[in-house]
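Chemist: So the chains spell out like this:
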Amino acid sequence: MSQQDNIRGRKVKLHDMCLRDGMHSMRHQITLEQMVDIATGLDEAGVPLLQVTHGDGLGGSSLNYGRGLHTDKEYITAVASRMKNAVVSVLHVPGIGTLDELRMAADCGARCVHVASHCTEADVTEQHIGLGRQLGMDTVGFLMMAHMTPVDAFVEQALLMESYGATTVYCTDSAGYMLPEEVTARIGAMRAALQPDTEIGFHGHHNLGMGVANSVAAVAAGASRIDGSAAGLGAGAGNTPLELFAAVGERMGMETGIDVFKLMDVAEDRVLPMMPKPPRADRDSLTLGYAGVYSTFLYAAKDCERKYGLPARDLLVELGRLKMIGGQEDMIEDTALTMAKERGLIGHNSQAPATV
Amino acid sequence: MTKVKCAIIGPGNIGTDLLYKLLRSDVLEPVWMVGVDPTSEGLARARDLGLKTTEDGVDGLVPHVEADGIQIAFDATSAYVHAENSRKLNALGVLMIDLTPAAIGPLCVPPVNLVALAEQAVMNVNMVTCAGQATIPMVNAVSRVQPVGYSEIIATVASKSIGPGTRKNIDEFTRTTSGAVVKVGGADTGKAIVVVNPAEPPLMMRDTVYCETIDEPQVDAITRSVHDMIAEVQKYVPGYRLKNGPTFEGKKVSIFLEVEGLGDFLPKYAGNLDIMTAAAARTAEMFAADILSGKLKLERKIEEAVQ
Numbered sequence: 001m002s003q004q005d006n007i008r009g010r011k012v013k014l015h016d017m018c019l020r021d022g023m024h025s026m027r028h029q030i031t032l033e034q035m036v037d038i039a040t041g042l043d044e045a046g047v048p049l050l051q052v053t054h055g056d057g058l059g060g061s062s063l064n065y066g067r068g069l070h071t072d073k074e075y076i077t078a079v080a081s082r083m084k085n086a087v088v089s090v091l092h093v094p095g096i097g098t099l100d101e102l103r104m105a106a107d108c109g110a111r112c113v114h115v116a117s118h119c120t121e122a123d124v125t126e127q128h129i130g131l132g133r134q135l136g137m138d139t140v141g142f143l144m145m146a147h148m149t150p151v152d153a154f155v156e157q158a159l160l161m162e163s164y165g166a167t168t169v170y171c172t173d174s175a176g177y178m179l180p181e182e183v184t185a186r187i188g189a190m191r192a193a194l195q196p197d198t199e200i201g202f203h204g205h206h207n208l209g210m211g212v213a214n215s216v217a218a219v220a221a222g223a224s225r226i227d228g229s230a231a232g233l234g235a236g237a238g239n240t241p242l243e244l245f246a247a248v249g250e251r252m253g254m255e256t257g258i259d260v261f262k263l264m265d266v267a268e269d270r271v272l273p274m275m276p277k278p279p280r281a282d283r284d285s286l287t288l289g290y291a292g293v294y295s296t297f298l299y300a301a302k303d304c305e306r307k308y309g310l311p312a313r314d315l316l317v318e319l320g321r322l323k324m325i326g327g328q329e330d331m332i333e334d335t336a337l338t339m340a341k342e343r344g345l346i347g348h349n350s351q352a353p354a355t356v
Numbered sequence: 001m002t003k004v005k006c007a008i009i010g011p012g013n014i015g016t017d018l019l020y021k022l023l024r025s026d027v028l029e030p031v032w033m034v035g036v037d038p039t040s041e042g043l044a045r046a047r048d049l050g051l052k053t054t055e056d057g058v059d060g061l062v063p064h065v066e067a068d069g070i071q072i073a074f075d076a077t078s079a080y081v082h083a084e085n086s087r088k089l090n091a092l093g094v095l096m097i098d099l100t101p102a103a104i105g106p107l108c109v110p111p112v113n114l115v116a117l118a119e120q121a122v123m124n125v126n127m128v129t130c131a132g133q134a135t136i137p138m139v140n141a142v143s144r145v146q147p148v149g150y151s152e153i154i155a156t157v158a159s160k161s162i163g164p165g166t167r168k169n170i171d172e173f174t175r176t177t178s179g180a181v182v183k184v185g186g187a188d189t190g191k192a193i194v195v196v197n198p199a200e201p202p203l204m205m206r207d208t209v210y211c212e213t214i215d216e217p218q219v220d221a222i223t224r225s226v227h228d229m230i231a232e233v234q235k236y237v238p239g240y241r242l243k244n245g246p247t248f249e250g251k252k253v254s255i256f257l258e259v260e261g262l263g264d265f266l267p268k269y270a271g272n273l274d275i276m277t278a279a280a281a282r283t284a285e286m287f288a289a290d291i292l293s294g295k296l297k298l299e300r301k302i303e304e305a306v307q
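Chains as they are written, first to last, in this note's numbering: chain A, 1 to 356; chain B, 1 to 307.
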């Protein structure tokens, strides 16, 4: 059977990330007005799920990841009260956010939670998945940096999340590193191992320009939820552009319930004008995908380039070599300081050398 | 020289690593290892090292406390059973050093508040968490120079160095650590972030401490204080190192640390476990010195059983 035969008539839920993953690109400074404007547009376009949280999830507002312009509570409350059909979801990373913050999100109207861990550490999510279910939320296990572990080991982690109560499990290509065949292998193996009524999702990044192709491969292999962002607004070279995927999906006969023209309009008229610059696989974003580095590292690496004159690309490659994972943003500055000292760009007391 | 006799409850990784440290102590003598599983490797190892062992939990130890003169016990089990263990042993006048996240006693980070706690003659002290032991001395190094409005710590540990207990209770781990950044570290508000990294070979424990001072940071005084505090911690954790910093950007002070373990029982990358057992041993030694000098007399503390 061809890929297209596999896809025709399949029901696929699209999940917009531009108000969460897009927070990274906006350095967590999206205003409440912008959030509500975009979210209501997505709701009208028929997007069934949209995520609203600090880029690093509940409790992510910090010196390490950047402070949000508003609190998660303010964002979720502002958006949730305005939704006609769309469900507001939140990201929750155990170790960053706490159970109290998940309770708060549910109180403010969030009805879906992505509980995230690195792809080998699913057993830190038991409490949080359990609470999500207890609160009656659509509870999703979100295995990040999926390229960093072999297929069999990945499936074991997915089974753990399912055993804790996750009713959907995601393969998350946080680095935008995966190629379609790698997506097919992971999603196919998950589909074979998980319960038939457990849904499978795919979250792509566009660092190698493969966001749409990878998402199509995921659906063909059994995924029924696809994450993307209107106008691609998201970390690195952005998420899978949601309007692109919706248009491709429609041509392939997927049933997404999306009004493609309306979604295009949200991307063009509401998201694009807000962006400092449209996401693009520039030298550094491409490096993320090429070297398999967490997409969010882009911004702090660029900051270090400005501060220490150390090329962001060199820093990102080194972070990849050191096997740093999502959440270790503190190690970007640390690694930059070490490299800058070694290269004589700064003195040993971390000060820029005096210019002669 | 006379030593204070001790029991260790929990013959797992932490309990065993702690045992090796106590065997080297000038003032502590490990006498009992308490477990619940007769086939436990940890109990067998403790027996080989000359300790008395029981597989009946704390109830197996209680009848011997008086006869064997046990005065200090270390609990390296879980938060769920700690309260009962502590109640039973406190009733016999045994001081409890708690390595679980139960935190029913005051929080102790040795170079910051051990002296003050020893003077209060408390019967239960809690060792916070490994992330707390690694970072709170640095929060205090800044807050003792000038007021800190907010402090944030990020602890990254190797996947292989944290067990199923911590993983199942990661929320308590995170919250206990944030709480201690404020209560012991001396910041007005605090946040803790924990990351588990699975890289092979395993990465050494890394910790980052950010402090936001209320007024402009006193660069020289803070830098000196940080280096002094590093030296204090190195007295009991030789592998505690300043990798980068302190750096100053506006009111933000950043300190980047690495903790290499001694490799007593656990591998060297598990600096997170080493700093816990070393801090617990140091805490016990401080109390033991006061017991031996007659300055501290442990009293029996009777509490109603928790129903």
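I should point out that these hints are in silico values taken from the structure, not numbers from a laboratory. Values in this document were obtained by computation on a predicted structure and should not be read as measured data. C-beta: ideal position from N, C-alpha, C; glycine also. Don't take every hint at face value.
[Said to hold, decoys possible] Chain A side only, calculated, beta carbon under 7 angstroms to chain B, not exhaustive: (1) P94; (2) I96; (3) Q127; (4) V151; (5) A153; (6) L179.
Chemist: For every hint, state whether the structure bears it out.
Modeler: Hints, one by one, checked against the model:
1. For P94/A, the interface hint holds, since its Cβ comes within 7 angstroms of a Cβ in chain B; the closest pair sits about 5 angstroms apart.
2. With 7 angstroms as the threshold, the beta carbon of I96/A comes within range of chain B, its nearest partner Cβ sitting at about 5 angstroms, so the hint holds.
3. For the restraint placing Q127/A at the interface with chain B, the shortest Cβ-Cβ distance is roughly 5 angstroms, inside the 7 angstroms limit, so the hint holds.
4. The interface hint given for V151/A is broken, as the beta carbon of that residue sits about 16 angstroms from the closest beta carbon of chain B, more than 7 angstroms.
5. The criterion of a C-beta within 7 angstroms of any C-beta in chain B is not met by A153/A, whose closest approach is roughly 10 angstroms, and the hint is violated.
6. Against a cut-off of 7 angstroms between C-beta atoms, the interface hint on L179/A is violated, since the closest Cβ of chain B lies about 22 angstroms away.
Of the numbered hints listed earlier, those contradicted by the structure are 4, 5, 6.
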